[in-house]
Amino acid sequence: MDFDLTDKQRKRFAGVLAEVRDRLGRPDPPPGTPFTGAQWKSAAGIGLTGLCLPPEYGGGGLGALDTALCLQAFGQGCPDTGLVFAVAAHLLACAVPIRDFASAEVRRELLTGLASGELVAANAMTEDDAGSDLSRLSMTAGRGPEGYVLDGDKSFASNAPAADVFVTYAVTDPGAGFLGLTAFAVPAGFPGVSAGEPFDKMGLGGCPAGRVGFRRCEVPTAYRLGEEGQGTAIFQHSMAWERGCLFGAYLGVMDRQFARCVEHARQRRQFGHRIGDFQAVSHRIAAMKQRLESARLLLYRACWLIDEGRDHTGAVALSKVAVSEAAVANSLDAVQIFGGSGYLTATGIEHQLRDAVPALIFSGTTDIQRELIAREAGL
Amino acid sequence: MAHAPSDDENFRRVSDYISEYIRENFLDGDPKGELEDDTPLLEWGVLNSLNTARLIAFIREELDVVVKPVEISAANFRDVRSIAAMVARGVRRAA
Chain A
1 MDFDLTDKQR
11 KRFAGVLAEV
21 RDRLGRPDPP
31 PGTPFTGAQW
41 KSAAGIGLTG
51 LCLPPEYGGG
61 GLGALDTALC
71 LQAFGQGCPD
81 TGLVFAVAAH
91 LLACAVPIRD
101 FASAEVRREL
111 LTGLASGELV
121 AANAMTEDDA
131 GSDLSRLSMT
141 AGRGPEGYVL
151 DGDKSFASNA
161 PAADVFVTYA
171 VTDPGAGFLG
181 LTAFAVPAGF
191 PGVSAGEPFD
201 KMGLGGCPAG
211 RVGFRRCEVP
221 TAYRLGEEGQ
231 GTAIFQHSMA
241 WERGCLFGAY
251 LGVMDRQFAR
261 CVEHARQRRQ
271 FGHRIGDFQA
281 VSHRIAAMKQ
291 RLESARLLLY
301 RACWLIDEGR
311 DHTGAVALSK
321 VAVSEAAVAN
331 SLDAVQIFGG
341 SGYLTATGIE
351 HQLRDAVPAL
361 IFSGTTDIQR
371 ELIAREAGL
Chain B
1 MAHAPSDDEN
11 FRRVSDYISE
21 YIRENFLDGD
31 PKGELEDDTP
41 LLEWGVLNSL
51 NTARLIAFIR
61 EELDVVVKPV
71 EISAANFRDV
81 RSIAAMVARG
91 VRRAA
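Order-wise, the sequence lines are chains A and B.
Going by full-length UniProt numbering, the first sequence opens with residue 1, and the numbers climb by one from there.
Going by full-length UniProt numbering, the second sequence opens with residue 1, and the numbers climb by one from there.
Some clues are possibly wrong.
[Unchecked claim] Selected chain A positions facing chain B (in silico; Cβ < 7 Å):
| hint | residue |
| --- | --- |
| 1 | M1 |
| 2 | A130 |
| 3 | G131 |
| 4 | S138 |
| 5 | T140 |
| 6 | D173 |
| 7 | G175 |
| 8 | F178 |
| 9 | I373 |
| 10 | R375 |
Derived from the structure by calculation, the hints contain no laboratory data.
Being a predicted model, the structure only gives us computed values, none of them experimental.
C-beta: ideal position from N, C-alpha, C; glycine also.
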């Protein structure tokens, strides 16, 4: 067993981190406002929009572990975690299923733009009555003159207000429950597609999210991903990449946060001592380190299993739970360590907590991940 | 006199085994005995994305048949009869 990164991985990580710090390291615009075109272009210029897309389409050709490492560097160097999330969701929940399941024609049409960042993609799965339970999906894809006609509403799609392409899922066989879903890539310009206004959210403000409606939207068969009825399998595949790699970004956020907490505990003095001399503070920092490092090991292993083509569902679920819960717990601890100043928005500590809470929910809730883990244990 | 079980007998046995598993695990024991070979499991929501994976694990561990990802389709999981037919094909493949 070898726990070291290779030289190549180290160099790539350092290169991405330096470029992110240089081009996206300042909070401009302030975190909490949807990403600007300039920010998205900067991220794309560093190659972040196409990390795991094939080189022939301009992507980085990376596997899951290397993609996660680059997203870790992105999360560490960029204070706008919403932007990091927006780019990672574009890549993992949308470009990955297009890479692996789209027709050759649609791959040619979309992948180059997705890799270069010219196109922004949004994953539109969640509906008002279908969150974790995909068998309750109500959007339909009936037969149309050129293939399909999509009808229905998606209630929460990250990147939707900015999207050029939607990856979406609809019912093609109403009698087949979760095996009656089919996946589609739908350009936002197709007649009948309309994205709503950005929601006001608790965190990840850099990533605009909204509703998407499909009204008598005609979609040619070439834009179907995989076969009819494979929607759930395709979604699970994209979620394995998202639950595995995207959370690398939170490792990076936690690394940056941890370094700030240590620095603060060494400098801030009360009662004639550095606050880090008090065990209440030093042990809190030790607990943060323990959560961060155990989450990191689970994440690297989960991504490695994806790359090895081995069974990874349980490992990815463990990693997702560990990273998201560590991010929330560490962010709460960071606010406590910074005290009154941590509570103030300008210090840049409290928003990490607001950016961490959604990680317990998106890409499959903690509750569902625990269900997957329990099932794998034979319950 | 002992004889090798016929395809029909194998199918019946597999089908009973799967019905029993679904009754016990997904239907609270099916006290009214409502589960039939042609009960539409997907349409009625008896099988969902979470418990279908459990059923597939059961088939792998107890019946020694690996359900391939491409086999996870509405046609193969529509009812007990379809599942048993898929498993019987898997048994023949392994034989």
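Structure-based check of each hint:
{"no.": "1", "hint": "M1", "verdict": "violated (27 Å)"}
{"no.": "2", "hint": "A130", "verdict": "violated (11 Å)"}
{"no.": "3", "hint": "G131", "verdict": "violated (12 Å)"}
{"no.": "4", "hint": "S138", "verdict": "violated (14 Å)"}
{"no.": "5", "hint": "T140", "verdict": "violated (15 Å)"}
{"no.": "6", "hint": "D173", "verdict": "holds (5 Å)"}
{"no.": "7", "hint": "G175", "verdict": "holds (4 Å)"}
{"no.": "8", "hint": "F178", "verdict": "holds (5 Å)"}
{"no.": "9", "hint": "I373", "verdict": "violated (12 Å)"}
{"no.": "10", "hint": "R375", "verdict": "holds (6 Å)"}
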